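Participant: Here is what each chain is made of, one letter per residue.
Number of protein chains: 2
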Amino acid sequence: MSHPNINELLDQIQGSLHADQAKSRFFHIWKTEEPLTCKGVCFPRTTEQVATILTWCHKNDQKVIVHGGLTNLVGATKANPDQLVVSLEKMNAIEAVDTQTRTVTAQAGAILENVLTAAEKEDLFLPLSFGAKGSAQVGGVVSTNAGGLRVFRYGMTRSWVLGLEVVLPDGTIIENLKTLRKDNSGIDLKQLFIGAEGILGVVTKVVFRLIEKPQTRLSAILTTNQFKNVLQTMRYFDQHLGPRLTGFELLWKNTYSTITAEETPYKSPIQKPDNYVIFVEMLGKNVERDSNDLQDACAHSFEHEWISDAAFFDSASEQEECWKIREDVALLEQNAKHNQHYDISIPIDRIGEIIDSIVQNLKNLKGVLDVYPFGHVADGNIHLIVGKENNSEILTQNINDIVYQPLQEIKGSISAEHGIGIDKKPYLHLSRTKPEMELMKAIKLLLDPKNILNPARIIN
Amino acid sequence: MSHPNINELLDQIQGSLHADQAKSRFFHIWKTEEPLTCKGVCFPRTTEQVATILTWCHKNDQKVIVHGGLTNLVGATKANPDQLVVSLEKMNAIEAVDTQTRTVTAQAGAILENVLTAAEKEDLFLPLSFGAKGSAQVGGVVSTNAGGLRVFRYGMTRSWVLGLEVVLPDGTIIENLKTLRKDNSGIDLKQLFIGAEGILGVVTKVVFRLIEKPQTRLSAILTTNQFKNVLQTMRYFDQHLGPRLTGFELLWKNTYSTITAEETPYKSPIQKPDNYVIFVEMLGKNVERDSNDLQDACAHSFEHEWISDAAFFDSASEQEECWKIREDVALLEQNAKHNQHYDISIPIDRIGEIIDSIVQNLKNLKGVLDVYPFGHVADGNIHLIVGKENNSEILTQNINDIVYQPLQEIKGSISAEHGIGIDKKPYLHLSRTKPEMELMKAIKLLLDPKNILNPARIIN
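Protein sequences appear in the order of chains U and X.
Here the first sequence stands for residues 5 to 464, numbered as in the working numbering.
Here the second sequence stands for residues 5 to 464, numbered as in the working numbering.
Same shape as in the complex, but just chain U (with noise of 0.2 Å):
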């Protein structure tokens, strides 16, 4: 399907172009030598762009895909030679950063990364951490309810966000960039756009609330023999440490072994890790204090045996290593062919055991050359990389199957926070009810009659 009348719209958007002059003129973030398959590509420089591009695709039946920062892992960002790409990097101002309020504004172009300097700028703080930081555009952090390291103490991304514009489907703006931390006057429609990956509106502009900046950190590395013991060891340091704990990650021994062998740049502080890796992180105000306290939990958790070892980390570049090898998951899919990354969640108390499982499961399974699980434990969201012998559909499918088919029963979900896309779609029935997707279904008709907006993600 064509329309004549596009080049009218892109005239009118400055600074649009079609595909093949973006990538070299205006396409900063297009990384890739693929080309990039669609019909054009908008740069809208203001919301009332965005919102005069989306009258127009609404009353021409013309689908649009949304760009962000392109950091998405489920295929949410594709499109196809029919479609409108519209690229939110333009919109890049950090509008304000309000140290009376304590809040942040920025548009939706805005790198997730620069808004967090913002804040630190006026010893405020945004306890976002996520790998992509450095690229992941914050109307796509809000779009996909992004979580990261911290969600254990600080929530996902929806618990930051106080106002929010929105432009929908047909165009019209919804307009709610208030500061204000309390506001019940009437439904909170904002929440219906955190987490939706752009199929219900555009997000323009963002408010996200502020904390204190903590004004020390510091890190350990802990290692046990059984799950249980992990689960025991965080609620200790929960409760010794309180909101000071700021991380609890968890690396299973293949995985930490694959980081840290001898031919990466990563070397174990640890002597002789056990079956299980524990990354903490301690945020606070007073060094020595924190230090003593640091060091009392794991000395407690030693005598009780639920660690075996443990290192410590009080300087930035000591903590910065410790945390690369829990974060170079780049390093993992060099390692793991022709790759499929998971992001699961378990209760807390199963993780150990559906975990064994699903790698018991996988490895059983003909075809898969590795599997790594690690991730944030004390959310009970592991990420799980499966390497393999080829891209085949059927292998693909089968190890979808068995990550995936545990989850139903013990309500898990079969994504913790990188959404669900494209990719995923065809197990949401897993993760949610009937009833569930045909209302989610229905709030899509309501809001996009003709879907135009990123069709064909979440949901049919």
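If you are wondering where the hints come from, they were derived from the structure by calculation, not from laboratory data.
Keep in mind the model is a prediction, meaning the values are calculated, not measured.
No copy labels: a pair is met if it fits in one copy or bridges any two.
Listed below are the simulated DSS-like cross-link pairs for lysine-lysine, each with C-alpha atoms no more than 25 Å apart in a straight line:
1. Lys438 with Lys63
2. Lys232 with Lys217
3. Lys125 with Lys232
4. Lys289 with Lys328
5. Lys415 with Lys429
6. Lys67 with Lys429
7. Lys415 with Lys445
8. Lys232 with Lys276
9. Lys445 with Lys63
10. Lys94 with Lys137
Given chain U, work out where chain X should sit, using these hints.
Facilitator: Coordinates of chain X only, in the frame set by chain U:
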């Protein structure tokens, strides 16, 4: 409009009765002498019975008003003679406190305080705290997205809901009772029902997340002459005490003086209260350390002349007394004849001037007798109790206008935590834009096309 076969429905839901019989035999929460006006009252005992009721009502165009603990302040539970009341009070089981996933699952009719107590028995903590917790039911708490005394640190009710079961107006059960901290599997539908005041569905069960129970509590009362010093002190306390600062509340001088006047049960712990009296709560685990830090923060504020006096409380009984001064709203209401209660949100840096101006304008209005401002200053949420000569509609409207009109320009809210209900509906347009209100209506129409559930609340 009458349905001859409503008795069949009432028979089907065991224990349901007509209103006149209900009051004496089953309706424990109906405390006022005034009879309940309605067609009948249902007391469902299961989610399926709620579904049966709504299916029947949807089919037969029977309007339904949902009753929880009847603690709302916005007329949300008023019924008229052709409406059927559905009271959740028999669905009051606390189904599970899970120490592994650190969650509590409760039926909608469970009293909040019972849920808090059940959690505390397992050394776990749900930080929701407000005056009505001894009678508010969790279904209503969720439907109102209740706030209270610790929102500043811990967020509103929304922040604590992990799972929800809701019956839609047509009887469909939406079950999502997960204990997961992270679940990005599609649109997060439960967010739609939190704070929607029951117009989109009846909440039947809730899963709350819990945290470790703090082991110590300290309180202080401070006083200062200038509003800017309130904010300065707050930020310093927040920096100095970190996440242990869990409450920072404010009484304007005349409110404080009224509560601590000679004829009341309360004695001011401060010799000479200045224009503003601040109440501080600190939750931690080491009473000596916390006490030193709290006193340091006060000393620092005193040296910088941000505050003019301070009193500390460490014993449980002293603290109880101290917080009663902050919480005895009933005493203010007794003092203020024909009173109206307001609950507004203001960007935090504007609170001082806006409240001054509202109070001045109210005092200049003939018929206004008393104005008592107080509230959650750290959240930007100020309550006003206004006493007046009579209940005439025009006086009420004039007072509403004075309180609400300044809010639109400064992007405030006419309801920080109480909700809109019936009483604040005429003013919703001051807090929300026209497209927002249109979208609320569209969502209501989608879920409740026959407008049977809690009709005329929030929007028409």
